[in-house]
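Single-letter residue listing:
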Amino acid sequence: MNHANSLKIKNSTLLSLLAPGLAIYLFVIIVPLFTALGYSLTNWMGGLDKTFIGLENYAALVKDEIFWSSLRNNLLIVLLTVIIQMGLAFLLTVLFMSKAMKLKEVHRTVIFLPVVLSAVVVGFIWQMIYSNDYGLLNAILKSLGLENLISPWLDDPDQVIFSVTVPLIWQYLGVPLIIFMSAVQGIPKDIYEVCELDGVGGIKKAVFITFPLIYDTIKVAIMLSISSNMLVFSHIYVMTGGGPGTSSMVLAQYAYNTSFNSMQLGYGSSIAIGIFIISFGIIIIFKKLAEVKQE
Amino acid sequence: MKRLLLKGTCTAVVLSVAMSVLAGCGSGQNAAEQSAAAQSTAALETPAPGSKSEPVKISFMDLWAKDKAENISTSVREALADFQKNNADIIVEEEAIGDQTAYYTKIKTLAASNELPDIFICKGSELAMFAKNQAVAPLDEILDADAAWKEGYVTSAFDDLTSDGKIYAVPYSMLSTHVIYYNKKILADAGVQAFPETWADFKTMIDKIKAKGIVPIALGNKEQWVAESCILSTLGDRFTGPDWFNGIKDNKGAKFTDPDFIKSLAALQELGKAGAFNKDMNSINNDQQKTLYFNGKAAMFMEGSWAIGAVMAGPEEIAGNTEVAVLPSVDGGKGDPKSMSGGAGSGFASGVKGFGSKKEAVAKVLKAISGPEYAKSIAEKGEPTAYKVSDYDKSKVSPLAVKYAEMASKLKFTPIYDSYLNPAVVSKMNAGLQELLISTITPEELAKRIQAEYEKVK
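Protein chains in written order, with full-length UniProt numbering: chain A, 1 to 295; chain B, 1 to 458.
These aren't lab readings, by the way, just hints derived from the structure by calculation. Don't take each hint at face value.
As the list claims (entries may be wrong) - With a straight-line cut-off of 30 angstroms between C-alpha atoms, the simulated DSBU-like cross-links for lysine-lysine are: (1) 142(A) x 85(B); (2) 334(B) x 203(B); (3) 338(B) x 142(A); (4) 63(A) x 458(B); (5) 273(B) x 142(A); (6) 334(B) x 208(B); (7) 208(B) x 142(A); (8) 410(B) x 63(A); (9) 448(B) x 63(A); (10) 50(A) x 364(B); (11) 50(A) x 150(B); (12) 255(B) x 273(B); (13) 66(B) x 394(B); (14) 50(A) x 456(B); (15) 63(A) x 456(B); (16) 50(A) x 210(B); (17) 50(A) x 255(B); (18) 166(B) x 364(B); (19) 63(A) x 364(B); (20) 150(B) x 456(B); (21) 249(B) x 63(A); (22) 85(B) x 50(A); (23) 353(B) x 50(A); (24) 396(B) x 367(B); (25) 142(A) x 210(B); (26) 142(A) x 212(B); (27) 279(B) x 249(B); (28) 458(B) x 50(A); (29) 50(A) x 252(B); (30) 394(B) x 412(B); (31) 410(B) x 388(B); (32) 132(B) x 50(A).
Claimed, not checked - A few chain A residues that don't get close to chain B, going by computed Cβ distances all over 10 angstroms: (33) 16; (34) 20; (35) 45; (36) 90; (37) 104; (38) 131; (39) 154; (40) 193.
From a predicted model like this one, the values you see are computed outputs, not experimental measurements. Cβ coordinates follow ideal geometry from the N, Cα and C atoms, glycine included.
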């Protein structure tokens, strides 16, 4: 009883404690969302006059080829990341659980370290790795005698989107890994012990015990990955700036370019709202799909 | 419970992430309100114009970081300090924002609330938009009042800063966006004695240099403006001549799909196909293109006159062998081969609010930071001037700057595309040129794409 009482907080205290956080959220996120929605209905070019043009921007957006090709790039990045990054993270989690693996702390630190690096720094590092004349990648290929594999990594419109996805997968591999590992620690040890008594091997243990038991966590990790990759910007901005042409253009960069390079702030806002709607839709669809599988 | 929690988390995550991207677009207004508030308090403190006892305050905003000693900014600040000594009744308050993007964001925000500074630096293309919105004041009145001052500027100095026949800014320097910096030793090794005068010879030279295993032209077009501003602005004019561009600028029937302009795009693509550029041209920037040149891996590069300083600071054996040139004439071209894209580019403009009440003071300050004494001071540092200077001390000017000045004195300026065209059109053109150079698009398709954007924003 005493214990419950001590946890009880007056509503007014609760509100005042929440207020600073709520205020920041309101003015940094909610208010800009509605102002952007307002701008997206105008033809604002950054000057004094802002004419209300209704849904004209959205009508143009639906027909905008670059918008859709950027979306396709985003979806490709999401797909590659979900498959490769989540796959690798799960594999590593299983490896970390096994007794055969040595120096677990070191491995975990090394894998997680890039997560805390600034995206701009990672972009620059990978730009150097891909560099045609001085790049690490081409140097390694050369020293292995694989000269025929050397290609202009960031200059070939057909492969540039893959080249810019690799750093994304590499940098954020640590995030799902840490999430999975903490989930795995929540699985009672006795389940595994019973398995071992029954003679269940490593792979079966991973597929039939670990995977179903951390399935909910995997879903959250995938959702985090989708939402962050729908908004990926800095890496690509630094590495290619969306080029060559628009072949590595992603939605966030397109919204940025339109707003601040072309100064079409109204249209740029409608792109941002478009991203919001599409990302929201994808998350809802994913949630529905993932739930059906569970039942 | 777990499920509810999950649902809550998901919604929160989606909302917060999706909205954070929008925050960027919306924040402009908050900033505008804040600075508007700050400005209005400042305005209250400013004494009423005409009261002789109180000094007049002139706000001056520039994009030159205070800790960076560049030729032009140092000269402007010296001129201002001198001016302050002799004019106790005017106080110039300088605000420097060292980052160009941040500077223009702030200027546009101030313009949106009609709080532009009394004097500020502005690009010609932005100026046209401000003029349309009546946020900047036409300066014809004060220029015409002092004919000797106005006449002192070099011809065409005001071209970039004029909109609808009115002058909206005074220039402080002239720059060219197209200069070919070439290594005469590499050219001589490849058997080219003099820089070619015709397009055919130019292409032969490219082949000869390439045969030596050296990149003929270093190009760093990752940021997309280099190919357009430093190459196409001049190459295009060689084919189309200035009349076509005036037709485009004034909406007088000229089209990007006109055969002459397509020819210039085709010529650029031809260079790309012939392997004139480094393979990674779309993933390195204009600093890295100079690195290629400095390492002796490239025979030349094309950039504006601003690169003179960088070249002189480069390796001695490269800097010593560097000569300057411009693109040769082309067959059937309507443009004058003795020209290069360039102009004032930017100038000092005046916000309409401050100009209205402090006209005389603004004129005095403008003259001090762009007139004869200032021009002499930058000429002695080897910078191209917008004001006629005949007699100055050449001893401190670098040899390359002298070579450039000699060449520039024989050439005319043609318009820089991105100084005049709508930013949306420039954006389309710049992105398309990347594709053109690697032949994933034809000149005709690109021309159509630019024309479509041009018609949309007209």
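To see whether the hints hold, each was checked on the structure:
no. : hint            : verdict
1   : 142(A) x 85(B)  : 65 angstroms, violated
2   : 334(B) x 203(B) : 20 angstroms, holds
3   : 338(B) x 142(A) : 46 angstroms, violated
4   : 63(A) x 458(B)  : 19 angstroms, holds
5   : 273(B) x 142(A) : 26 angstroms, holds
6   : 334(B) x 208(B) : 28 angstroms, holds
7   : 208(B) x 142(A) : 27 angstroms, holds
8   : 410(B) x 63(A)  : 49 angstroms, violated
9   : 448(B) x 63(A)  : 17 angstroms, holds
10  : 50(A) x 364(B)  : 35 angstroms, violated
11  : 50(A) x 150(B)  : 36 angstroms, violated
12  : 255(B) x 273(B) : 26 angstroms, holds
13  : 66(B) x 394(B)  : 27 angstroms, holds
14  : 50(A) x 456(B)  : 17 angstroms, holds
15  : 63(A) x 456(B)  : 14 angstroms, holds
16  : 50(A) x 210(B)  : 53 angstroms, violated
17  : 50(A) x 255(B)  : 28 angstroms, holds
18  : 166(B) x 364(B) : 20 angstroms, holds
19  : 63(A) x 364(B)  : 53 angstroms, violated
20  : 150(B) x 456(B) : 37 angstroms, violated
21  : 249(B) x 63(A)  : 27 angstroms, holds
22  : 85(B) x 50(A)   : 44 angstroms, violated
23  : 353(B) x 50(A)  : 20 angstroms, holds
24  : 396(B) x 367(B) : 25 angstroms, holds
25  : 142(A) x 210(B) : 22 angstroms, holds
26  : 142(A) x 212(B) : 22 angstroms, holds
27  : 279(B) x 249(B) : 34 angstroms, violated
28  : 458(B) x 50(A)  : 17 angstroms, holds
29  : 50(A) x 252(B)  : 27 angstroms, holds
30  : 394(B) x 412(B) : 23 angstroms, holds
31  : 410(B) x 388(B) : 15 angstroms, holds
32  : 132(B) x 50(A)  : 13 angstroms, holds
33  : 16              : 22 angstroms, holds
34  : 20              : 16 angstroms, holds
35  : 45              : 7 angstroms, violated
36  : 90              : 19 angstroms, holds
37  : 104             : 28 angstroms, holds
38  : 131             : 7 angstroms, violated
39  : 154             : 4 angstroms, violated
40  : 193             : 25 angstroms, holds
In this structure, the earlier hints numbered 1, 3, 8, 10, 11, 16, 19, 20, 22, 27, 35, 38, 39 are contradicted, and the remaining ones agree with it.
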